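At position 85 of the sequence shown (counting the first as 1) the number is 85 in the numbering used here, and the numbers step up by one without a gap.
In short, the hints are calculated from the structure, not lab data. Please note that the accuracy of each hint is not assured.
Said to hold, decoys possible - Label-pair restraints from in silico Cβ distances:
| hint | residue 1 | residue 2 | range |
| --- | --- | --- | --- |
| 1 | ASP96 | ARG46 | 40 to 46 angstroms |
| 2 | ASN158 | ARG105 | 23 to 29 angstroms |
| 3 | ASP198 | GLN146 | 38 to 44 angstroms |
| 4 | LEU115 | GLU54 | 19 to 25 angstroms |
Said to hold, decoys possible - No more than 27 angstroms apart at the CA atoms, straight line, and that leaves these computed lysine-lysine pairs for DSS-like:
| hint | residue 1 | residue 2 |
| --- | --- | --- |
| 5 | LYS150 | LYS50 |
| 6 | LYS99 | LYS150 |
| 7 | LYS157 | LYS118 |
| 8 | LYS150 | LYS188 |
| 9 | LYS188 | LYS99 |
| 10 | LYS126 | LYS50 |
A quick note: this is a predicted structure, and the numbers were derived from the prediction, not measured. From the three backbone atoms N, C-alpha and C, an ideal C-beta is built for every residue, glycine too.
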Amino acid sequence: MEITVKMSAKVKRIRFADSQTGCEDPMVKGPNLTRCSAALASEACRALSKTHHEKLEEIGLDAVACMKLESLEKPDLIQWLMDRTGPNSMCILIDDDRKIQITPRTVHLVMGNPLGGKDIVIPPNKVVRNTHDRITEELGIQRNAQLSSKMLIEVIKNREDDPTAVCFFVMVIMSKLLLPTTDFYIPKSDVWVAADLDRVASIDWSKAVFQALSHSLRCWRQNPGSSIASCVFMEVYDGKREPIEALQIPV
């Protein structure tokens, strides 16, 4: 199977993708449904206008918005990768001769996420809730309403000349691709993060994705088969950090 990811001109074109982030509460029994959606992420990317792309470039996320995602939601491939990636070494053992080291820089090279910046620190619930209420009021819906990706994609389409509408794109891409959880709706914490574009621009997204992947791998080792919750990208490159041929991975 060949997994292809096409980058914008500013990002190296490296063909390989998939992994995951997030895990279920260890006290919760039963399967953890996959909520990551490459389809919704792609739909959100297609909804962006030239004005939106210009704003995303300004805050450092346009490379992610320009990716064409193909064949990402493959549970068998995800499990194969999870089984072969060490949570401590963050190294994928492809076979006896090939190992792939994952670092924040690899995430940066593949996805074009900003490298360097601040960690994501979520404030008290009251602050998060107030921000969520402000956004729902702005959208003209009930304060306690939950925000879905489909709803926000329509908002993006309807605000093609509004650069600040990219905050809704960030909510979708964060929830469904970069740092997804098992929530069907956009988590209030993601709404808080994305509501301030200056805050979005200051975040070290490559580190955030890397840490989420590491956390997911630890959950997987503790309870294999129950916490495939999302799909993010792993980079493939040789010792000189040059792109190599797309790997044919058995699944």
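Quick rundown of the hints versus the structure:
no.: 1; hint: ASP96 / ARG46: 40 to 46 angstroms; in the structure: holds (41 angstroms)
no.: 2; hint: ASN158 / ARG105: 23 to 29 angstroms; in the structure: violated (37 angstroms)
no.: 3; hint: ASP198 / GLN146: 38 to 44 angstroms; in the structure: violated (26 angstroms)
no.: 4; hint: LEU115 / GLU54: 19 to 25 angstroms; in the structure: holds (21 angstroms)
no.: 5; hint: LYS150 / LYS50; in the structure: holds (20 angstroms)
no.: 6; hint: LYS99 / LYS150; in the structure: violated (38 angstroms)
no.: 7; hint: LYS157 / LYS118; in the structure: violated (30 angstroms)
no.: 8; hint: LYS150 / LYS188; in the structure: holds (16 angstroms)
no.: 9; hint: LYS188 / LYS99; in the structure: violated (38 angstroms)
no.: 10; hint: LYS126 / LYS50; in the structure: violated (35 angstroms)
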